[in-house]
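Assemble the complex: chain P is given as a structure, and chain Y must be docked to it using the hints.
Below are the chains, spelled out letter by letter.
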Amino acid sequence: MEEIVIQIGENEYKASFSENDSNSIMVNDTAMKIELLKKIDDRIWSLAVNNDVFLIEFNLQSNGDATLFIDGFAFNVKIINPLRQQLKKFIKSKDSEGKSRVYNIKAPMPGLIVKVLCTQDNNVNIGDNLIIIEAMKMENALKAPVAGKINKVFVNEGETVEKDYTLIEIIQLN
Amino acid sequence: MFKSILVSNRGEIAIRIMKAAKELGIETVAIYHKVDLSSPHVHFADRAYEIKSETPKSAYLDIEQIIETAHRSGSEAIHPGYGFLSERSEFAEAIESAGLKFIGPRPYAIKAMGNKTQARELMSKAGVPIVPGTKEKITDLNKAREIADLLKYPILLKAAAGGGGKGMRKVENEKTFAESFESAQRESLKAFGDDSIYIEKYLENTKHIEIQIIGDEYGNYVHLGERDCSIQRRHQKIIEEAPSTVLDEELRHKMGQVALNAAKAVDYVNAGTVEFLFDKNKEFYFLEMNTRLQVEHPITEMVTNINIVKEQIKIAAGKKLSFNQDNIKWSGHSIECRIYAEDPFNSFMPETGKINYLREPSGFGVRVDSGIESGSEISIHFDPMLAKLITWGRDRKSAIERMEKALQSYRIKGLKTTVPFEVAVMRNDIFKNEYYDTSFIDNHFNIEVLNKMKQEYELKVAVMTAFGYRMNAKRQIPIKNIEKNSKWKILGRSRNLM
Numbered sequence: 031m032e033e034i035v036i037q038i039g040e041n042e043y044k045a046s047f048s049e050n051d052s053n054s055i056m057v058n059d060t061a062m063k064i065e066l067l068k069k070i071d072d073r074i075w076s077l078a079v080n081n082d083v084f085l086i087e088f089n090l091q092s093n094g095d096a097t098l099f100i101d102g103f104a105f106n107v108k109i110i111n112p113l114r115q116q117l118k119k120f121i122k123s124k125d126s127e128g129k130s131r132v133y134n135i136k137a138p139m140p141g142l143i144v145k146v147l148c149t150q151d152n153n154v155n156i157g158d159n160l161i162i163i164e165a166m167k168m169e170n171a172l173k174a175p176v177a178g179k180i181n182k183v184f185v186n187e188g189e190t191v192e193k194d195y196t197l198i199e200i201i202q203l204n
Numbered sequence: 005m006f007k008s009i010l011v012s013n014r015g016e017i018a019i020r021i022m023k024a025a026k027e028l029g030i031e032t033v034a035i036y037h038k039v040d041l042s043s044p045h046v047h048f049a050d051r052a053y054e055i056k057s058e059t060p061k062s063a064y065l066d067i068e069q070i071i072e073t074a075h076r077s078g079s080e081a082i083h084p085g086y087g088f089l090s091e092r093s094e095f096a097e098a099i100e101s102a103g104l105k106f107i108g109p110r111p112y113a114i115k116a117m118g119n120k121t122q123a124r125e126l127m128s129k130a131g132v133p134i135v136p137g138t139k140e141k142i143t144d145l146n147k148a149r150e151i152a153d154l155l156k157y158p159i160l161l162k163a164a165a166g167g168g169g170k171g172m173r174k175v176e177n178e179k180t181f182a183e184s185f186e187s188a189q190r191e192s193l194k195a196f197g198d199d200s201i202y203i204e205k206y207l208e209n210t211k212h213i214e215i216q217i218i219g220d221e222y223g224n225y226v227h228l229g230e231r232d233c234s235i236q237r238r239h240q241k242i243i244e245e246a247p248s249t250v251l252d253e254e255l256r257h258k259m260g261q262v263a264l265n266a267a268k269a270v271d272y273v274n275a276g277t278v279e280f281l282f283d284k285n286k287e288f289y290f291l292e293m294n295t296r297l298q299v300e301h302p303i304t305e306m307v308t309n310i311n312i313v314k315e316q317i318k319i320a321a322g323k324k325l326s327f328n329q330d331n332i333k334w335s336g337h338s339i340e341c342r343i344y345a346e347d348p349f350n351s352f353m354p355e356t357g358k359i360n361y362l363r364e365p366s367g368f369g370v371r372v373d374s375g376i377e378s379g380s381e382i383s384i385h386f387d388p389m390l391a392k393l394i395t396w397g398r399d400r401k402s403a404i405e406r407m408e409k410a411l412q413s414y415r416i417k418g419l420k421t422t423v424p425f426e427v428a429v430m431r432n433d434i435f436k437n438e439y440y441d442t443s444f445i446d447n448h449f450n451i452e453v454l455n456k457m458k459q460e461y462e463l464k465v466a467v468m469t470a471f472g473y474r475m476n477a478k479r480q481i482p483i484k485n486i487e488k489n490s491k492w493k494i495l496g497r498s499r500n501l502m
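Protein chains in written order, with the numbering used here: chain P, 31 to 204; chain Y, 5 to 502.
None of these hints come from the bench; they were simulated from the model. Note that the structure is predicted; figures quoted are calculated from it, not measured.
Within a straight-line C-alpha distance of at most 20 Å, the following computed DMTMM-like cross-link-like pairs (lysine to aspartate or glutamate) qualify:
id, chain 1, residue 1, chain 2, residue 2
1, P, Lys173, P, Glu187
2, Y, Lys194, P, Glu189
3, P, Lys173, Y, Asp347
4, Y, Lys318, Y, Glu100
5, Y, Lys205, Y, Glu287
6, P, Lys145, Y, Glu183
7, Y, Lys194, P, Glu187
8, Y, Lys358, P, Asp72
9, P, Lys69, Y, Glu364
10, Y, Lys56, Y, Glu68
11, Y, Lys115, Y, Glu221
12, Y, Lys174, P, Glu164
13, Y, Lys458, P, Asp101
14, Y, Lys194, P, Glu164
15, Y, Lys23, Y, Asp373
16, Y, Lys139, Y, Asp198
17, Y, Lys156, Y, Glu140
Now the in silico label distances, taken between C-beta atoms and shown as ranges:
id, chain 1, residue 1, chain 2, residue 2, range
18, P, Glu189, Y, Asn265, 47 to 53 Å
19, P, Tyr195, Y, Glu253, 52 to 58 Å
20, P, Leu113, Y, Lys493, 41 to 47 Å
Built from N, CA and C at the ideal position, the CB exists for glycine as well.
Next up, chain P with everything else stripped away, as it sits in the complex (with noise of 0.2 Å):
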C-alpha cells in the first residue's frame, strides 16, 4: 500500500490507497470513493468524490507538485512521496539553523516596471510599495509582505519583465 502526504497551505493530509480498488483512496483515515467520469482532455476531468460531481482541471508539475482548479478556486498542492519525505526533513533541519527568511517579490504578469519605490539595504515594513508595474493599462503598486531589508533589487525602471520574473529579494527582519 502506498501512502502519500497532500500538502495544501499550512495543512497536511496522508492519503493512502487501497491494493486493489483503485477508486477508493483514504485520507486522514476518512475513507472516499472517487471516480473518473469523463475525461475532457489529458488535464480537464470530471470527477465524483462520493458522487459529488466536480469538473477540475489538474496539472502535475515536473516536481512532483500540482495545481488544481476547481469551482474558481485554484489549489498549489504539494505531494510528498516517502522519498521526497525524507528529503523535506533534511531541509528542514538545515532550514531551522538559517536566521533569516528570504522573500522573493515576483513579477505577478508580465508588464512594466514603471517605478521601483525602494532600493538595496532599505528597511521597509509590510505593506509598503516597492515597485509599481504597469499591465493592461493599470498600474498596480507590489507591497511588501513581510518587514524587511531589501537584499537585492532585480529590475530598473523602464523595463519588462515577465510573469514570474524575480523583482526584489527581501530578508525578513524579526
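The following block gives chain Y in isolation, referenced to the frame of chain P:
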C-alpha cells in the same frame, strides 16, 4: 435602415452589437488584429477584415484603416462599442466626413463631455450639481498641492481627459500627494495621451449611481432609470444592479430629469450615461457623462425590456424614438457580475493565459454576454474582462439568488477569475440587506470569507490530488463505464443474433 455596419471593437461588446444588428437584418463586419484571428468576435461576424498595426491594441485605434475598411466592406455605419475609439471625437468627425454614420453622439457632445473640466463647467451652468473641486486642468505639482490643501484632504485626483478609473487616485494626506499625482499623470498620459489632472473633494460613503438616457435626432429624450455601480475595485466597477435600493419613484424621475438636462446641454443624440455620486443624505453630484454604450447596459435592458443597442442603431439610421417617457415601465431586478481574469486572492491582479475549458451558465433569467470560448488566449494586450453574467429576478432577492447559482455553475479553467469573489458578495449581509457604497470592498469585504470558502474544498482537493498522482504514476485507472464495444456486436445483441 443600414445594409451593413462595421463594429470597431472586439470581445463581448463586439458580439453584443452584432447580435443587435443581425436582429435588425443588418450585415455585420468585424475588424481584427492578427492576434485576435481566433477570437469569437471575428467568427460571429458576417465578414471580417484584418487591420495591420504594430501592436494589437493600435489596430482598434487606427482611424484611417478602420474607415478605409468600412468603405471597402460596403458598411454604412460604424459602432465603436466602449473603450478604444468610442469617446474620441476625432473618430466621430472622421467618420462623418467620410460620408459614413457614427453610431453614437455628435462629435461636439463627445468633446464637451470628454474634457472633464469643461464638462464640470458646462454642467454647473446647466444647473446640474457638481462635486466641489477644480474646473480647470492642472499639470503643475505645486499648484495642485495648493488646491488640495484648500479643499482639505482626502481628495481625489482624476485624469482631465478620461474616465473609467484610469489615472484616478485617492489621496489621504499631503505626505503621499506628490507620489500619487505623478502616478496619476503617468497613467493618464498613457491612457488618454494627456497628463492633465483635476482635483475633487473626496466625498465619504458615496454610492455610484448612473442614469441611462437616450435621445433621437429630433430632440426626443427619455431616461431609462438608474444603475447602482457601487461595488468597485481600483475605482472600477465589477458588480452593478438596477434598480438601486436607495431610489424611489420620485427620486428616480428627479435624477432622470437632471440627467436629461445634462444631455440637452450638449445637444446629445443616441444612448449615453450620466454618472452621479450619491450620498447618504440622498444628495447627488454630477461625476461625468459617458458618451457611449456602457459595459453594464444589459441590466437596464433586463428591467426596461428595451434593447438599447438596437435603439442606438435605429437612432443613427435617422429613426424617431419608438417610445416616450410614459411607456417606460420598470419590472423586476437585474444584477451584473463582470467576469474578469483577475485573482481576487491577490488584490485583483490581472491574469494571463489560456481558457482551457469553458462552460457558461444559462437558463431562465440568466444572460451571458461573452467574448471568450474554450481555447481563447487572454493576453496583456487587452482589458482582462472575459464576459458579463447578468441575471433577472422578480425582486432583488431572487435576482441575487439566481446570480449566486449561476456563478456557481460557471466553469472556467486555465486562469483565475473574479467568480469566487462575486459568489461571496452575493452572500454578503451588507450587500444583501444594507446600505453599501463604493468603499464596500475596502470596508465590508473580508478576504477571510474567500479563504474560508476555499478551505471547504481542501479535503476534496486532497483526495483528487492523490487520485491524479496515482493515475499519473500507474496510468491504468479506467474511466468509469467505458466499454469499447464494436458497433456490430451491439447491433447483433440488440437483434438477438449473438
